[in-house]
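2 protein chains.
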Amino acid sequence: MIVNKKVIFRLSQYRKAMIKFRDLGFVKVFSDTLGEAIGVTSVQVRKDFSLFGISGNKKGGYRVDLLIEKLQILLGKDRFQEVVLAGAGNIGSALIKYKNFENESIKIVAGFDIDPAKINRKLRVPILPMNEMGRFVRERSIKVGIIAVPDIAAQEVFDQMLACGISGILNFAPMRFRGADSVVINNVNLQIELENVIYFVNAMQKQTTLSHGENA
Amino acid sequence: MIVNKKVIFRLSQYRKAMIKFRDLGFVKVFSDTLGEAIGVTSVQVRKDFSLFGISGNKKGGYRVDLLIEKLQILLGKDRFQEVVLAGAGNIGSALIKYKNFENESIKIVAGFDIDPAKINRKLRVPILPMNEMGRFVRERSIKVGIIAVPDIAAQEVFDQMLACGISGILNFAPMRFRGADSVVINNVNLQIELENVIYFVNAMQKQTTLSHGENA
DNA sequence: GAATTTTTGTGAATCATTTAACAATAGTCC
DNA sequence: GGACTATTGTTAAATGATTCACAAAAATTC
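Just so you know, the sequences run in chain order A and B. Each step along the first sequence adds one to the number in the working numbering, with nothing skipped, and position 163 is 163. Each step along the second sequence adds one to the number in the working numbering, with nothing skipped, and position 141 is 141.
Check each hint, because a few of them may be wrong.
[Said to hold, decoys possible] Partial selection, computed: residues in chain B whose CB lies under 7 Å from chain A: (1) Lys-97; (2) Val-188; (3) Gln-191.
[Said to hold, decoys possible] Calculated pairs, PhoX-like style, for lysine-lysine (alpha carbon to alpha carbon, straight line, at most 20 Å): (4) Lys-206/B / Lys-5/A; (5) Lys-206/A / Lys-77/B; (6) Lys-5/A / Lys-6/B; (7) Lys-97/A / Lys-97/B; (8) Lys-16/A / Lys-47/A; (9) Lys-97/B / Lys-118/A; (10) Lys-206/A / Lys-70/B; (11) Lys-28/A / Lys-70/A; (12) Lys-47/B / Lys-58/B; (13) Lys-97/B / Lys-118/B; (14) Lys-206/B / Lys-70/A; (15) Lys-118/A / Lys-99/B; (16) Lys-5/B / Lys-6/A; (17) Lys-118/B / Lys-99/A; (18) Lys-77/A / Lys-206/B; (19) Lys-47/A / Lys-59/A; (20) Lys-77/B / Lys-6/B; (21) Lys-97/B / Lys-107/B; (22) Lys-107/A / Lys-122/A; (23) Lys-206/A / Lys-5/B; (24) Lys-118/B / Lys-97/A; (25) Lys-6/A / Lys-6/B; (26) Lys-5/A / Lys-5/B.
[Unchecked claim] Some chain A residues judged to face chain B by a derived CB distance under 8 Å, without partners named: (27) Ile-38; (28) Gly-39; (29) Gly-76; (30) Lys-97; (31) Asn-100; (32) Phe-101; (33) Ser-167; (34) Leu-170; (35) Pro-174; (36) Gln-191; (37) Ile-198.
Keep in mind the hints are simulated off the structure, nothing from the lab. Even glycine gets a Cβ: it sits at the ideal position worked out from N, Cα and C.
Let's have the full structure, built from the sequences with the hints guiding it.
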């Protein structure tokens, strides 16, 4: 089955909302409640679910526990997912310290950096030299990596990750990789995200100014 | 004109690519070169440009300098954009230290936090008490804020930001805000991004396993 | 237990985005 | 300077995503 990223993104959101509902004591939930929780229509919810063979009960909605379980399995949250991180700079370190991951069965098991000053094998999440990444990843058959190195270094780190069998990457370097077919890449470009906000804020302001102008 | 987020996102990418081309000494660039640089078709590039009245020359492509200038203006990069940040935790601090912003005429002018231990007015980007945010933002007529506080605190910070005139938000808290109409919000949900990568990696692996099974 | 209500699930319709097709035109070659 | 080529800009077609409309079924009411 070919599904697009957005659908899976919504599944994650559904899951999160469902957990909130469960913690509030809900036993059942309807597609419109769930939709409202994440900002989509009830039809969207049902369409998404039908794609994965998730079904509810006419008039009875969806059972919270069963739904969560199905989403967990779909999203691979039934077991810990080990992830490595390249680049122990600002963002890299922030991610390592980011608590939410561990609650969510994602574990950054090691960071890697070229800077010898950053190496520290004693940490809960050790920071190891870049050149040990290959062996580490292969030994543990890790499949997912985070790239948080400066863009100059990113392509090389990317190549190394591919070479040692990583097939999914969360990338914070503001660039596009060569040889990126057959790998899953999610790019997070903070600068562009912020630029985007700024554009729309400015556009709104122009809009307002214009309207005022028209009234004057 | 109503444009969607993705188009503006691409404009940012075009701009970045163009700057790279300029630095490489290019004087002109064609839509297919530019498209390839960011991973879209040449038609997409021209369509996007035509939306904003950016035109090139038949057979001659686009002049690098003029194109950059137009994109700069469109994206509000012709002047510094001041931004405040709420939450000086892991991600907040990383953002404050993030060098790329300043090169790109985005300036985080202050961080705000409730934790007294984090307050430091002497820093290049001072960390101030949360309750000073309103006045600060109003005095400087800042329009864009970053939310990097834990999700429990996020709604309140959001309300405060709106109250003091902020109309665009980059949000790192994994949640949806109440009363979010008439504000631009870009959500960055690191957990979901990673979860997404994990899903597709797992899906790929299942795919492979299945195919092998079929062959056996 | 029939009628009514509520909610799911889905095929068709709409809406949005991307790609294809091609005319227009500027430059290049001979 | 006429023929040829490369590239833009745009209209139309195709594809993709979302919403509408409604049938089916379960629960509730009378």
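Legend entry - Interface hint compliance - Gln-191/A to chain B, C-beta minimum distance less than 8 Å: Hint on Gln-191/A: holds, closest Cβ of chain B at ~5 Å, below 8 Å.
Inset, instruction - Please verify that hint: Leu-170/A, Cβ, nearest Cβ of chain B, below 8 Å or not. - result: This interface hint holds because 5 Å falls under the 8 Å limit.
Legend entry - 20 Å limit on alpha-carbon distance, applied to hinted pair Lys-47/B and Lys-58/B: Holds, at about 15 Å.
Legend entry - Agreement of Lys-77/A and Lys-206/B with the hint, judged by alpha carbon distance not exceeding 20 Å: holds (15 Å)
Legend entry - Asn-100/A as an interface hint toward chain B, with CB separation required under 8 Å: holds (5 Å)
Inset, instruction - Return the status of the interface hint for Gln-191/B: holds when the least beta-carbon distance to chain A is below 7 Å, violated otherwise. - result: Holds, because the Cβ-Cβ distance from Gln-191/B to chain A comes to roughly 5 Å (cut-off 7 Å).
Inset, instruction - Measure nothing beyond the straight line between the CA atoms of Lys-206/B and Lys-70/A; if it is 20 Å or shorter, mark the hint as holding. - result: At roughly 17 Å apart (the allowed maximum being 20 Å), Lys-70/A and Lys-206/B satisfy the hint.
Legend entry - Interface restraint verdict for Phe-101/A against chain B (beta-carbon cut-off 8 Å): Cβ of Phe-101/A sits 6 Å from chain B, so the hint holds.
Inset, instruction - Assess, step by step, whether the Cα of Lys-107/A is no farther than 20 Å from the Cα of Lys-122/A, and give holds or violated. - result: This hinted pair holds, its Cα atoms lying about 17 Å apart.
Inset, instruction - Identify whether the interface hint at Gly-39/A stands, where standing means a beta carbon of chain B within less than 8 Å of its own. - result: holds (6 Å)
Inset, instruction - Assess, step by step, whether the Cα of Lys-97/A is no farther than 20 Å from the Cα of Lys-97/B, and give holds or violated. - result: Given pair Lys-97/A, Lys-97/B holds - Cα atoms ~16 Å apart, limit 20 Å.
Inset, instruction - Please verify that hint: Lys-97/A, Cβ, nearest Cβ of chain B, below 8 Å or not. - result: holds (5 Å)
This entry satisfies every hint, going by the numbered hints stated previously.
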